[in-house]
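Colleague: If you follow the hints, you should be able to join the two separate chains into one complex; please do so.
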Amino acid sequence: MLEQLINWFPEWARPFIMPMITIGIVLQVNLGVCSYLILLERKLSAWMQDRIGPNRVGPWGLLQPVADMLKLLLKEDVIPGHVNKFLYVLAPGISVFTTMLAFAVVPFGPVPRNLSATDGQFPYIIAPGVDLGLVFIFAVTSLAVYGIILGGWASNNKYSALGAMRASAQVVSYEIPLGMSVVGLALLTGSMSIEKILLHQADAGIFGWNIWFQPLACVIFFAAAMAEAQRLPFDLSECEQELVGGWHTEYSAMKWGLFFLGEYTHVITISFLTSILFFGGWHFPWIAEPDSQYLGSTLVKVLVLLTKSFAFIIVIQMLRWTIPRFRFDQLMGLAWKVLIPLATLNVVCVMIVKQFHLNEWWLLPMSAGLFLGAGLIGTQSSRPFARRTLEPVPEAHGHHAHAH
Amino acid sequence: MEWNEENGLLLIPLGLGCLAVWWLMPSAKQRPRILGGLAALAAILMMQLMLLPPAGDYVRNVLFFLFAAAAVISAGLMITDRNPVYSALWFALVTLAVCGLFLLNSAPFLSASTIIVYAGAIIVTFLFVIMLAQQSGTATSYDQQPIQPAMATIGAFILLGALLFTLQEWGHIDGKSTNQHAEPGQFIALPEGIQPNPLSQAPQDNPHEIGSLRVLGRSLFGDYLFAVEIAGTVLLIATIGAIAIAPRRSQGTL
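Protein chains in written order, with the numbering used here: chain A, 49 to 452; chain B, 342 to 595.
Some hints here could point you the wrong way.
Beta-carbon label-pair distances, calculated as ranges [as the list claims (entries may be wrong)]: (1) Ala474(B) <-> Leu50(A): 33 to 41 Å; (2) Ile584(B) <-> Ala301(A): 40 to 48 Å; (3) Phe506(B) <-> Met399(A): 40 to 48 Å; (4) Gly238(A) <-> Ile578(B): 31 to 39 Å; (5) Gln389(B) <-> Lys206(A): 45 to 53 Å; (6) Leu473(B) <-> Gln76(A): 37 to 45 Å; (7) Met399(A) <-> Arg423(B): 47 to 55 Å; (8) Ile578(B) <-> Gly417(A): 29 to 37 Å; (9) Met399(A) <-> Leu576(B): 14 to 22 Å; (10) Trp334(A) <-> Leu473(B): 54 to 62 Å; (11) Ala175(A) <-> Leu557(B): 16 to 24 Å; (12) Val105(A) <-> Arg374(B): 48 to 56 Å.
So, partial list: chain B residues that the calculated Cβ filter (under 10 Å) puts toward chain A [as the list claims (entries may be wrong)]: (13) Val400; (14) Thr455; (15) Ala460; (16) Gly461.
The set of hints was computed from the structure by calculation and includes no laboratory data. Note that beta-carbon positions come from the ideal geometry of N, C-alpha and C, so glycine has one too.
Excised from the complex, chain B in its bound form (with noise of 0.2 Å):
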């Protein structure tokens, strides 16, 4: 039972979370969502004790804290708010404080791109539909319940157990950080085993390079060249068949 010592300390705030987002989905009955909303910031509370972010100056701190719990109440609220209107606005939350996140790893470009694409287009084209549909400013009833609360809440968690159990096996994370010399831009100590690719580290004599675009363009086109080929005709592909399904009439759209 060496393993349970080691990493039981996450089932608590992990099933915690899990029943505070259940309760708090919206449902035909209506609960008390001060218990809910009090489960899930002792989840939060706790979940924050294990995984600390390597010691650094106090405005990265500040910045940290600020961005990762913005992101992860957001992500609550989307999930468990009756408006759908009001869902997207905060998973378009969610995204900015997720590109602050990327923004104090030193991932600038990755930042601003996730903003334009995912913030910028597709919550929008998101809000758009449901404006359509629903133009009176209350949700209609089918659009308020979800339909397998349990089941979703579930499956959620434990995508999200996984993800943790591995971080803390990479990071080994026991209720601190062990990456006390973080370089800028680190956030959890480098997995064993893996190492990190050398086209993409910072050249020695201008460590300020870190991140930046000349980095990141060599690194994508250089190490993953064939992945992003591949993405970049998938993608295409995706819009010549959007552009074959579309009807066309005979005079003009709109």
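So that you can see chain A by itself, here it is in the shape it has in the complex (with noise of 0.2 Å):
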């Protein structure tokens, strides 16, 4: 059927229409469940609060977001007038842009392993065959600081610049671990794209999964991302208590709405990463194996993922309601002093393996100790470091003498 859809096309224009098909999925379905996402954090904060949360609006809230969405449409769009307008109105486009494209290599289904663009089969992912996928996505969502530091640059008003300050600062830390975390897994599967670590796992069963070989790289990871997303323990750079709004103190209407919708966007491809890098993205023993071909099996396949993501978006939204939030010397310290030379300890482990072709399994106890360790070191180092911020320390025999 897809493929008489597409002969009816003229020559030229056939390579474009599968990518607009997928294209305009993925962006319908993602709107889609952002704004029920919205929903679901509304309730589940109620529901960890002992709240009953948001009913009023059809059978159980179901069309809260309906009504969230015509208010922020029809809402007076206020542009203030000691703003930098230009900048001011393409911040958001840039939040909801570079988070969107960053999804154009994520499969969210089975991909075909002959995959070529006019024979009609549909691809389940925007852009197949990128052999690049971690390396874009990490471009593109480097280029998301852009919209975050405009935005409160732009607004002219100093909440505004503090959290721009903040979240520039934060976004530029955690890009390096989480490009360290999932270096080891380019080097167990031989290649940075997205499509082949998944089949990587697949092809290996349940016991295949990266999350058995680099459980530390999968927390660092998340942790990371988090970060990026700049999710609830990490959100130092909108915190209502003492920034006002942060970066988008000065905005409303549907220009605040394209930030959140870019939030929301970065919490789905955070979790359909986690799922597809460390968890076999469609893979589940017994129902979705690589050579199963039942009835509907490929809809199994995208089932089994989507229940995956839908799962850690869960553990993303009850982490949001669960830790309070890091000072900011600590966000820091969390990324420079932990989460970097873990990954890179972790990178060494796994060269390890790989050099003197040890068993795969022994990076489990690797990543544990490692973990440990770091537990260890954490632990002891606390209560000395506590007493030294309390003693004042006399400046003259301080650092300043090794810099001359």
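Modeller: Here you go:
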């Protein structure tokens, strides 16, 4: 059916048809899912705090996202007089554009192994066959900081500027552990392509999922990705108690909504990536194996992947109401003193295993050892550190002497 | 005067571009910007006639002109914009456009890592500093004027001219590209006398491998191992130096 549709178009347009269909589906599903994720987040927080949550619009409050959307669209769109108008309008667009672009290389179903642009197979990915999928995602998400920093600066407001400063320092710092944590996966798989990493795990079965060999990398990846998305334990840049709204203090109506659309799209991308990189993607024993050919197996595979990703979205939303916010120096310390050294040591472990042809299962105790070692160092050094900050250190013998 | 006949054609757009950039530079008295803009446009169009890309399919040509025009025009605007914040943003756009050209020339890893390092980190740091220095949104007066616009422009265009003449010598660009049978990933003809690196060539059985991570890694850590190690050592020393210079306080930072 799809092939007939493609052949109906002129020759030169055929390569564009399938990507357009895929983009349309992804965009629409993403917009719908984002609005209902906000409802889910509100319901979840209400449940965790022993409240009822939104329940007035429709049965069980199910039409609340529609009402929210209408409100955002119909509200007066205020552009304050003291802002830099061009950059002020540009910033939310960059925010949404970059997060949506990152989804281009994330597969959302079983990607066919021999794919061509015009033979009518549904690709289940917007841009199939990108050899450097992981690097592409990091490159695109590293541009997302422009939306934040421009929005904060163009608002011409102290709160916005402080939020933007914090956010840009945070995002630039957390990119490093995020990139380092998946180098181990690339070494184990021999490829940076997300599709190949997924297939490698699916072919190896449930005990070939990367979580068994790289549990530490999974934790580092998840934490760093949350920090990139500015989700709650790391949402220093928009903390309401100190900065009103951070970099989007001056935004209202749909421009504010676009920032949130960007954030939720980022959360969805993180969940998909975590389940694909570490938890086997669409693979699940017995019901979704690479060679399962029964009727509807493709649908089951898509559902398995969506279920896994949904589980991670729930985890992210529950973390928001569980863990208190970090202090800014703790946030930076976590990135530079904990996550980056741990990620580097993890890569060294993978290199050792690959170089000396050890069994890959050695990586599990190695990761656990690194994790326990880091925890032990953390708890042992916290007491002397507390003492050291309380006692005033004489400046004269301090560290300035080293500089000269 | 054979040299003049062959290469003199390049001098006109170079001179025109030089004049345009100097004219557009922010200065004390307002010059009409339209004159500079027209001169710059004329220079770009004349230059474009001489540096045609090899004939490819239409998608490739459209993308090439899109990225190339974006890169050149954003670079000009970056130099000539009054507001340093906009200059930094034009710089980011130049980086992105050049990364698009890298991508067209089968260097996806170079493209992605340039975006991560330059657009994602270095220009963000620039913006950071500029925004800390001037939070009111308008540039202060000492930031608005270049100190030596004429010298800077002439120096930059001499460098550009040297680059273009060298490219012309290599590719024999005499009005058109001589590289009629361009391979994918090839912009101008390979210079004579410089042999292509055997390790960085795509394997015969799989021509799609050109520019892939595998080939790049083999080339970097095979042919250029010494240069890579030297660069790594220099960066390590710079990092240690930065940590040694940074002031420390007893009560933690920030």
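Colleague: It remains to establish, for every hint, whether it holds in the given structure.
Modeller: Cross-check of the supplied hints:
no.	hint	verdict
1	Ala474(B) <-> Leu50(A): 33 to 41 Å	violated, 56 Å
2	Ile584(B) <-> Ala301(A): 40 to 48 Å	holds, 46 Å
3	Phe506(B) <-> Met399(A): 40 to 48 Å	holds, 46 Å
4	Gly238(A) <-> Ile578(B): 31 to 39 Å	holds, 33 Å
5	Gln389(B) <-> Lys206(A): 45 to 53 Å	holds, 47 Å
6	Leu473(B) <-> Gln76(A): 37 to 45 Å	holds, 41 Å
7	Met399(A) <-> Arg423(B): 47 to 55 Å	holds, 51 Å
8	Ile578(B) <-> Gly417(A): 29 to 37 Å	holds, 32 Å
9	Met399(A) <-> Leu576(B): 14 to 22 Å	holds, 20 Å
10	Trp334(A) <-> Leu473(B): 54 to 62 Å	holds, 58 Å
11	Ala175(A) <-> Leu557(B): 16 to 24 Å	holds, 20 Å
12	Val105(A) <-> Arg374(B): 48 to 56 Å	holds, 54 Å
13	Val400	holds, 9 Å
14	Thr455	holds, 8 Å
15	Ala460	holds, 6 Å
16	Gly461	holds, 3 Å
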